[in-house]
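Asks: Sequence:
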Amino acid sequence: MPLKIAMIGAGSIGFTRRLMADLLTVPEFADTHFAFTDINERNLEMVRLLAERDIAGNNLPAKVTATTDRRAAIADSDYVICMIRQGGLEAFQLDIDIPLKYGVDQCVGDTICAGGIMYAQRGIAALLEFCKDIREVAKPGALFLNYSNPMAMLTWACNKYGGVPTVGLCHGVQGAQHQIADCVTHWARREGLIGPEERVHRKDIEFTFAGINHQTWCLKAQWREYDLIPMLYDLFTSHPTFPTTEKVRIDVLKRFGYYSTESNGHLSEYVPWYRKRLDEIHKWIDLSSWINGETGGYLRVCTEGRNWFETDFPNWLREDPPKFTPERRSDEHGSYIIEALETGRTYRGHFNVPNTGIITNLPEGCIIESLGFVDRNGIHMVHIGDLPLGCAATCSASVNVQRMGMEAAVHGDVNLLKLAMLHDPLVGAVCDPEEVWQMTDEMLVAQAQWLPQYAEEIPKAKARLEEAERNGTRVKTMEGFRGTARLHTKTVEEMRQQAEEARRNAQAADKGRMTENA
Numbered sequence: 081m082p083l084k085i086a087m088i089g090a091g092s093i094g095f096t097r098r099l100m101a102d103l104l105t106v107p108e109f110a111d112t113h114f115a116f117t118d119i120n121e122r123n124l125e126m127v128r129l130l131a132e133r134d135i136a137g138n139n140l141p142a143k144v145t146a147t148t149d150r151r152a153a154i155a156d157s158d159y160v161i162c163m164i165r166q167g168g169l170e171a172f173q174l175d176i177d178i179p180l181k182y183g184v185d186q187c188v189g190d191t192i193c194a195g196g197i198m199y200a201q202r203g204i205a206a207l208l209e210f211c212k213d214i215r216e217v218a219k220p221g222a223l224f225l226n227y228s229n230p231m232a233m234l235t236w237a238c239n240k241y242g243g244v245p246t247v248g249l250c251h252g253v254q255g256a257q258h259q260i261a262d263c264v265t266h267w268a269r270r271e272g273l274i275g276p277e278e279r280v281h282r283k284d285i286e287f288t289f290a291g292i293n294h295q296t297w298c299l300k301a302q303w304r305e306y307d308l309i310p311m312l313y314d315l316f317t318s319h320p321t322f323p324t325t326e327k328v329r330i331d332v333l334k335r336f337g338y339y340s341t342e343s344n345g346h347l348s349e350y351v352p353w354y355r356k357r358l359d360e361i362h363k364w365i366d367l368s369s370w371i372n373g374e375t376g377g378y379l380r381v382c383t384e385g386r387n388w389f390e391t392d393f394p395n396w397l398r399e400d401p402p403k404f405t406p407e408r409r410s411d412e413h414g415s416y417i418i419e420a421l422e423t424g425r426t427y428r429g430h431f432n433v434p435n436t437g438i439i440t441n442l443p444e445g446c447i448i449e450s451l452g453f454v455d456r457n458g459i460h461m462v463h464i465g466d467l468p469l470g471c472a473a474t475c476s477a478s479v480n481v482q483r484m485g486m487e488a489a490v491h492g493d494v495n496l497l498k499l500a501m502l503h504d505p506l507v508g509a510v511c512d513p514e515e516v517w518q519m520t521d522e523m524l525v526a527q528a529q530w531l532p533q534y535a536e537e538i539p540k541a542k543a544r545l546e547e548a549e550r551n552g553t554r555v556k557t558m559e560g561f562r563g564t565a566r567l568h569t570k571t572v573e574e575m576r577q578q579a580e581e582a583r584r585n586a587q588a589a590d591k592g593r594m595t596e597n598a
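When we follow this note's numbering, the leftmost residue of the sequence shown carries the number 81, and every step to the right adds one.
Be aware that a few hints might be false.
[Unchecked claim] With a Cα cut of at most 30 Å, we get these calculated BS3-like pairs of lysine-lysine:
#1 K356 with K181
#2 K327 with K283
#3 K181 with K363
#4 K540 with K570
#5 K327 with K570
[Claimed, not checked] Quick list of the computed label-pair ranges, beta carbon to beta carbon:
#6 R279 with R398: 32 to 38 Å
#7 N551 with E125: 48 to 54 Å
#8 E360 with E209: 38 to 44 Å
#9 P107 with R357: 52 to 58 Å
Just so you know, the hints here were simulated from the structure itself, not pulled from any lab data. None of these values were measured; they are calculated from a predicted model. Each residue gets a CB set at the ideal place from its N, CA and C atoms; glycine is no exception.
Produce the complete structure using the sequences and hints provided.
Replies: Right, dumping it as structure tokens:
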């Protein structure tokens with residue numbers, strides 16, 4: 081029987097087609113049934129038309145169905161892939177703009193910090209419903225592959241409360257590996273170890289990363305006979321562009337002795353040191369690409385990408401379909417995991433799973449991101465042991481926030497949600513407790529439509545805000561503040577002036593890779 085793979089959030093512009101193409105490079109999967117589902121019927125239909133065009137152009141027997149009936153899509157599926165953004169761009173805007181009033185300046189806001197914690201409240205409510213559907217109508221033992229953020233909190237909730245085996249997948253480690261390989265390339269050329277036109281690819285280096293999602297530390301990097309770990313600071317500081325674009329990551333590397341994912345902008349909002357003083361943020365970021373630290377940068381490029389896709393779609397449909405060939409297969413883990421489980425071909429990657437003694441100085445049961453192997457017998461994680469103490473301390477601070485945020489979302493616990501916000505490294509560095517309490521109430525009220533678990537609590541939050549206004553105890557906020565490094569979101573007419581760039585942005589499954597050397 082052909083595989084059935086359900087994709088939830090299949091109206092995603094770049095990701096759905098990218099994952100489908102990856103899977104269809106595997107000969108055994110040529111007749112796969114892809115069941116697309118999304119709440120946005122218009123975008124779902126556009127992606128379906130493109131996917132069917134792509135399949136026909138590659139002369140494959142694969143089938144696509146598309147429906148807004150999620151249970152119908154999940155029914156009898158072997159695998160379920162999640163790629164939703166609960167609340168869409170409307171909620172994402174609130175994740176960025178409300179914290180800005182309280183001085184919390186985020187680049188992405190989808191992992192922790194104020195935006196990431198609220199994103200988890202929306203996403204966990206939705207994913208637990210997905211898990212219910214998987215338990216009830218998918219094939220027994222169907223694996224849930226989660227690409228949605230905040231990765232750790234969502235994956236934790238699904239494994240602990242959803243009753244479905246769930247693996248979180250992210251491309252942050254692969255992006256980091258490409259970046260390190262680029263540093264090695266420049267150094268090896270200078271040293272005459274490779275030719276002037278040769279490159280070191282990430283697959284030429286033996287890597288081990290371990291930590292938590294978006295804070296995963298490079299513990300091993302071996303190229304030929306060279307141990308790269310003690311060399312990384314010098315390699316990064318001698319790179320032609322990274323000293324300008326990766327100031328935060330290089331500073332962490334200098335002080336911790338270990339390189340951390342994620343990007344400069346992402347990393348800057350997970351720790352309390354680089355974005356807490358608004359007048360110093362520019363010292364640590366670079367605006368040549370959103371991912372280097374732009375205020376609300378990911379929101380901007382997602383908004384531009386969505387608007388361009390909806391405008392330019394007729395031209396996309398007229399294009400020649402891409403070819404599904406092995407050399408065009410992306411680095412995304414999903415297709416390789418399914419291939420390994422179904423065929424027995426071993427795959428080595430870094431996955432988000434519950435900690436079962438894998439990293440011994442992070443809490444049992446938390447979601448770690450670490451090295452594992454996949455074959456027909458399942459996913460096998462490598463024992464890491466202790467992380468270096470500084471790395472573990474930074475991860476532990478985030479894990480505590482993730483635990484409280486996850487439990488708050490599952491139980492609709494407002495006080496625990498506020499404590500998660502209070503303990504967040506950046507929020508805690510910027511806000512005092514009363515500011516945190518009022519900011520959280522304001523975000524709850526603004527996002528009520530996506531927070532069913534807080535239905536009884538949101539009217540109380542609204543009443544608290546109104547009472548503070550009447551009593552004159554409402555904290556002073558920076559109304560109208562747009563952020564230290566906020567750039568203009570281009571209109572469709574402005575994007576027409578650079579149509580090819582706009583299309584690349586709209587098509588990119590990983591918008592952080594648009595300017596990286598891969």
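Asks: State for each hint whether it applies.
Replies: Taking the hints in turn, this is what the structure says about them:
1. K356 with K181: The hint holds at about 14 Å.
2. K327 with K283: 26 Å, holds
3. K181 with K363: 21 Å, holds
4. K540 with K570: Violated, because 38 Å separates the two Cα atoms, which is more than 30 Å.
5. K327 with K570: Holds: K327 and K570 sit about 27 Å apart, inside 30 Å.
6. R279 with R398: 32 to 38 Å: 35 Å, holds
7. N551 with E125: 48 to 54 Å: 51 Å, holds
8. E360 with E209: 38 to 44 Å: Since E360 and E209 have Cβ atoms about 42 Å apart, the given range 38 to 44 Å holds.
9. P107 with R357: 52 to 58 Å: Holds, at about 56 Å.
Violated hint: 4 only; the structure is consistent with all others.
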